[in-house]
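*Asks:* Quick mapping for you: the protein sequence lines, in order, are chains A and B. So the first sequence is numbered by our numbering: it starts at 9 and just counts up by one. So the second sequence is numbered by our numbering: it starts at 33 and just counts up by one.
Possibly wrong hints are sitting among the right ones.
[To be verified] Sample of chain B residues at the chain A side, in silico, Cβ under 10 Å:
| # | residue |
| --- | --- |
| 1 | 125 |
| 2 | 177 |
| 3 | 185 |
| 4 | 189 |
| 5 | 197 |
| 6 | 207 |
| 7 | 211 |
| 8 | 228 |
| 9 | 231 |
| 10 | 298 |
| 11 | 426 |
| 12 | 427 |
These aren't lab readings, by the way, just hints derived from the structure by calculation. Ideal placement from N, C-alpha and C gives every residue a C-beta, glycine not left out.
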Amino acid sequence: MTDASSAAMAKLVEVARDPRVYIEQWRSGHAGRPVLAILPMNFPRELAHAAGALPVIVQDDQQPITEGRALLAEFYCGYTRNLADQVATGRFDVYDGVFQADHCIQLIGSADIVRSLKPDTTVFLGMLNTSMNDPWAPRQVSAMMRRIRAEIEAFTGNPVELGTLRDSIGAYNRDRALIRRLLDERATGNAAFGPVELQDIITSSMVMDPVEHHALLTDVLLEPRRSERDDRVRVHLSGHLCHAPRRELLEVIEDSGAAVVDDDLYHGRRYVSTDVAETGDPVEALGEWYARRNVTIPCPTRVQQDVDWDGYLVDAVRVSAAEAVIHLVPKFCEPHMLYYPELRKRLDAAGIPQLQIETEHEGIPLESFRTRIETLVERARRRRPVHV
Amino acid sequence: MLETIEKPAEDKSNRLGITRVGGRLISEYWEDLFTARERGKKIVWYNGGALNPMFQAAGLAWCHGEAFAARLAAQRVEGPAQLAGAEYGYNAELCSYSRTHLGCSVLTLQGTEGDQTGVVGAHDQEVLAAKLPAPDFFVNNYAGCSTGQQWDGISYRVFGKKLPIFNISHPFLWGNRPDAGYLRGEEWEDASKFVAEQLRNLIEFLEQQTGRPFDHDALCESMTHIKRAAELRREGLALCKAKPAPATFWDWIASVAPINFLPGNQELVDYFAAVRDEISDRIDNGVSAVKDEKYRLYFDGIMNWNKLGFLSRKFAEHGVAVLAGRYIQNAFWQEPHLIDTSDPILGMAQHYLLCPTNHGAKTLEYLTLRDCEEYGLDGLVFHSTRTCRAFTGPQRLLAKAAQDKLGIPSIFFEGDVADASFYKDGILESRLVAMLEAIDVRRERGALPDGFSAIA
Ligand code: SF4
Ligand code: SF4
């Protein structure tokens, strides 16, 4: 690896693991420009970027939950309890405003905690239509995108010029496309990066300015890596909406004889699944992006009768030739809990071995996971054709 | 760990007699539903806001998913449905209404193999004590809670994606704008119009499903009855501000089903008139709902349906009149003045939006503190409803606001809407006793703010 590429990778890792340092650096180089906390998973960051802000997707920061316990019930998902804790302990103070466009009730609940604890901070909720099939959905979504644009303009004091918005769209598209290339390569067998490195690459792109991220990632790729092909069992990781699975868990998966070849994680393919059209009205294009994203990788938080996460999963497994699926379900994530039996049923019907792992914000039982993953690997191995 | 739940020593509760009539109406409704298909009726399964007047006007039979799950839990026969749900793969931490009802779907499908009677698996009928007919189509009307909305999307899949489904999107009343507030502001107006428009689309959908033109007059008539019933209900609720209280939260819980899904007709009006009259008579005759009422509390959380009678006795045993709650004062056609009976669609849309899980914490704080003051309450009990994140999300904020702004204490206890296993009696008992002692101490010191004077 060249000095440039390893320094670039080190920077991405640093940003992914401690976004606050990057945020402070960015702030000192961009006096007077706001840093926005963006909550997953649907907010069009391009609008905020075009207004000169740094839109940072708030990360689960892996600190133990202390004061947050007094704000949200213990049976809220780890990500939302962590958000409440970040706010209560001042770790959220790096942000100037909070913007979200979503409809998971737990996320709305945690945003309400932010609003209550920081009454002088703007905490905006853009209600993008969740029911995607309705004839009036496109109109509703496009009205909300215009509304979000107006909110961003009012908050930043900067107009979102259409030309600038197109530039921002282009910048995010380029960054997404580059990450997608890595994911595609992995699925076709050339795993240039392990799952932890890929997660760092993706997490840092959720935090950084896209132009800067793209430049660093390009540097990283100056040194092409090729993985050694081995006979580990190829697995697809599914789920983990909103926040990243623990790095230790990804390591245990790979240590247990599995190689991750694809995923539909938010800190994975889901995040980069869809580009925004660069022609036509850019605000309309953001509305279409929202709708198309749910078709590219269906999300259990949306209501859409004619697309299925389970169907997507079986197709993805065929494309990547994954031999097994590991469902990573954050404890208490209702959209995932509701959908899980459909996933299980469909994979069973397709004869694809699977394993459900329920993750927690703290204290995940890695050793018991290891045993279960090894068993899955064994099962998958036994299904391999025997060459005589 | 299993806990032994002992019965309170003496039953000091004095529940309204009229709710037995409500119970009969509810039983008749379900019996009617179980035989609806035999009578040639189409059946709709729905969730969320009370769309029943629409279905009534369309000549349908309707089954409210939460109501059926609540009924099974209240009758303590939810087990087989939850087991079927668990076997199908639903995690025990998932909303117990949804997994009970989805479990019913699974049983329904198992029981209909080869025939179309649509009866929940015949072999399970005894334990289920119910015969839920399979749906002809679904309508989802869930405001506030994304789980409620997704649940029907999953029912649709469980039934093989063959049955039609109509989903209504409800904007969460978040209150971004400076003019936002309860029943006011641009957000409220816009959301009301948007939902009303979807209800008009629902009418078209119902016409397609039934093959008949929708009977708008029948809708107006049904809403006229519902409006009147809701007015009577509010009058009765207001009478409960009297000290000592003539009726309690638990009486109103017993009247949730009638206001939430029974047909809008004269019988419904008569029922709520009788509820109001019984309360009024009690005031005239000095009859109280709790023997030796000593404390007045607020109850926040969806009802723990397995424990309705038990909790009513338990609180009464401690001299507690539970009088108000988000689930009662701020739900179920609670603003009847919004209904224009000659054109009820907008007012209906507004009520659906007013679901108490569809407001930001700011509005909930306004409503909760208002009710605490109006009913002269000494404290709040939060039912930390284990699998309902929609209701529990703002509870800590509400407790803090009551403490900071009104100086009144709260306790939390764990339980669930339809899963008895989450209820911890020891926790409720010890926390309740501690709070009541604290209230006593403050009364002795005379430290309660205005409006919270001791009830001697
Ligand atoms: S979608 Fe799941 S992980 Fe995301 S906030 Fe909601 S419950 Fe939490
Ligand atoms: S989580 Fe609560 S509000 Fe949501 S569907 Fe279940 S019971 Fe209803």
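*Asks:* Take the hints in turn and mark each one as holding or not.
*Replies:* Evaluation of the provided hints:
About 6 Å separates the beta-carbon of residue 125(B) from the nearest beta-carbon of chain A, less than 10 Å, and the hint is met. Annotation: interface hint on residue 177(B) holds; nearest CB of chain A at approximately 5 Å, less than 10 Å. Hint status for residue 185(B) relative to chain A: holds, with the closest Cβ pair at about 5 Å, below 10 Å. The beta carbon of residue 189(B) is positioned within 10 Å of a beta carbon in chain A (closest approach about 5 Å), and the interface hint is therefore held.
Hint on residue 197(B) holds. Least Cβ distance to chain A is approximately 6 Å, under the 10 Å limit. At its closest, the beta carbon of residue 207(B) sits 9 Å from a beta carbon of chain A; the interface hint therefore holds under the 10 Å criterion. A hinted interface residue such as residue 211(B) counts as satisfied when its beta carbon comes closer than 10 Å to some beta carbon of chain A; here the least separation is about 15 Å, so the hint is violated. Below 10 Å, beta-carbon pairs count as interface contacts, and residue 228(B) has none with chain A, the closest being about 12 Å; its hint is therefore violated.
Taking 10 Å as the C-beta cut-off, the interface hint given for residue 231(B) is violated, the closest approach to chain A being about 12 Å. Of the supplied interface hints, the one on residue 298(B) is violated, with its beta-carbon coming no nearer than about 36 Å to a beta-carbon of chain A, more than 10 Å. At a threshold of 10 Å, the smallest CB-CB gap from residue 426(B) to chain A is about 6 Å, leaving the interface hint in force. The interface hint given for residue 427(B) holds, since its Cβ lies 7 Å from the closest Cβ of chain A, which is under the 10 Å cut-off.
Checked against the numbered hints above, the structure violates hints 7, 8, 9, 10; every other hint is satisfied.
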